[in-house]
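Whole structure, please, built from the sequences with the hints as guidance.
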Amino acid sequence: MKDVMLGNHAASHGARLSKVDVIAAYPITPQTLIVEKLSELCADGDLNAKFIKVESEHSAMAACIGAEAAGARSFTATSSQGLALMHELLHWASAARLPIVMAEVNRALAPGWSIWTEQTDSLAQRETGWLQFYCENNQEVLDTVIMAYRIAEQVLLPVMVVLDAFILSHTNEIVDVPEQAMVDSYLPPYQPEFKMDVNNPHAFGGLVTPDNYMEMRYKIHQAMQRAKTVAVEADQEFQEIFGRSYGVMEAYKLDDAEYVIMSAGAITSMLRVIVDAYREKGLKLGLLKIKMFRPFPTEIFKKLLAGRKKIGVLDRDISFGATGIFFQEIKAALYPEKKNGVPALFGYVMGLGGRDITLSHLEQMVDHMMSHDEPEEDSVWIGLKK
Amino acid sequence: MEAVFPKPRIPEEEYIYPGHLACPGCGASLSMRYALKALGPKTMVVIPACCWSIIAGPFPYSTLKVPIYHTAFETAASVSSGMAAALDQLGQGDITVMAWAGDGGTFDIGFQALSGAAERNDNILYVCYDNEAYMNTGIQRSSATPYGAWTTTTPERHLKDRPKKNIMEIMAAHQIPYAATACVAYPEDMIQKFRKAKTIRGMRFIHLLSPCPPGWKIPDDQSIKVTRMAVNSKAFPLYEVEYGEKYRITVEPRNIPVRDYLKVQGRFRNLTDDDIRNIQFSVNKNWDRLQKKVRYSE
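Here the protein sequences line up with chains A and B, keeping their order.
If you count by my numbering, then the first sequence holds residues 1 to 386, one letter each, in order.
If you count by my numbering, then the second sequence holds residues 1001 to 1298, one letter each, in order.
A hint or two may mislead.
[Said to hold, decoys possible] Which residues of chain B face chain A? A partial, calculated answer using Cβ under 10 angstroms:
#, residue
1, 1045
2, 1078
3, 1097
Keep in mind that the hints were calculated from the coordinates and are not lab data.
We put the beta carbon where it would ideally sit given N, CA and C, even for glycine.
This is the structure:
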């Protein structure tokens, strides 16, 4: 059934169709509508779940941890400061191997207060052991929430489904809402092998000496590596049932491209327009959209980027004193291939705190990349006021 | 004629193994032993950072015969809330979810989550074993540390100069179905309270005074005796509160001077006579206030 809905409501319906058992969430702009819609769905009986209206995001994640530990499928959503407040518990969730799914609405961090979009909040959580998927549109948000459970429960790690503040969260788009029966055939009920069980008592998460800690971390790392395959399979099976596919990254006019631009989130829609415009001018430009950021699909990047002349990475985020975060990752992924000739890599920072990214900014980015043989600085900031 | 044995007042079943990692004379280990005797095997325990993170034993061992979930310092209540909601949703609502936290995790860092769970009346049994300081990190003051006590962060030249936070009054003010104080020196009273708490749905709070020989500076064979003095001096009255207004004293104290309780503990050895008079004054005042509430409940 096709419906017109906000990106936030797409996330709520993704949780509904995934038949979550427990929701624990705290409202924060611009995530609020996710919480409100889920409250309505629970109140109306359209979703049979316990909704714990917690007193903070920290407790939201803690409650999800408790729920998953007892064997229930759980969901939460947050943004910006709320995600930062959760940070400690993000580690607790992943190291406890709990497949929690969270919608995260990308919003800039304070001070000064900003409710507008920026990707630094979620990217700053890259070391927490959470899988991260960035969405381009509302359909992708709904579909990715469902896929997230499928992946999370196979590798036993939590998943963050990321969408841009306002550009997706508060924008209506046509969304194809799948039938429950189709989702049920794709997503089996959560049946954890280990959980809190009075008939089979265990202690979880207790003191670990140096004798065992490192192996536990290695297993998390292995699960992340396995998620690379699992995510691809989950996407392919999603396509078979629902007729839609996103891949772990998406190539647009990339086959013969000598020059590539890369980004994640809603801005990739505009990058498609830019690619088309430059193609008309005869420039062999292509786009690579990053959907899966953790685990980082290094092998696929290497394969897809091998032999290109130049690559420009758009970061709507900044690691102060270094570069944009996507740029760092892509640079690190390509470095060992130097013997085969690494493309020149250009990093661009723009759109922080919800600053509009215009077509003109994107043209500046491509023109800058084309007019330089090598990058002169780590990150070029575009759209700064004089 | 068949011999008649008296019925044991303390259940014989054990849910805690010998060989745990508590210090000799630890009140917290004995507290857990009694609590589980009262609650039985259909119990799940959530433990935040506290002495019990260690007492429970390192991976892959466990001190308890019931499931344990270790979690972050400030999340005993919120993790328990999630667990209880999940069990309800999965049709296992008859299991008791017991949060088991020290005074730091309850009075201080975990207080926000505790207050949140209490306000929502989540179906959990929250137990604070209160040894009156951060004992696991080596005796630093908490907001449960009594006035005049020595700790490593309230050294002799600057003893704790604020009274202990009245956690029972704060919890009662949430109007939760059940709140009670208890201690290992009165095990029958304690077991009765845990049994009662088990039958109640919603938020239940039990505040245990939990003797700590290294922190209180007492010999490790004196824990029970000193804790008994806490009750009899009225420094730690044993009572219960239903819905924030029905108060009942469960063990009548023998009315010994608070000096007797303080003087057997090394942590109070620097108190002057004036200090002790002040403490006695505030103990009397708190006791009067409690009795008024009991009378008001009748």
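Comparing the hints with the structure gives:
| no. | hint | in the structure |
| --- | --- | --- |
| 1 | 1045 | holds (9 angstroms) |
| 2 | 1078 | holds (4 angstroms) |
| 3 | 1097 | holds (8 angstroms) |
Consistency with the previously given hints is maintained throughout, with no hint failing.
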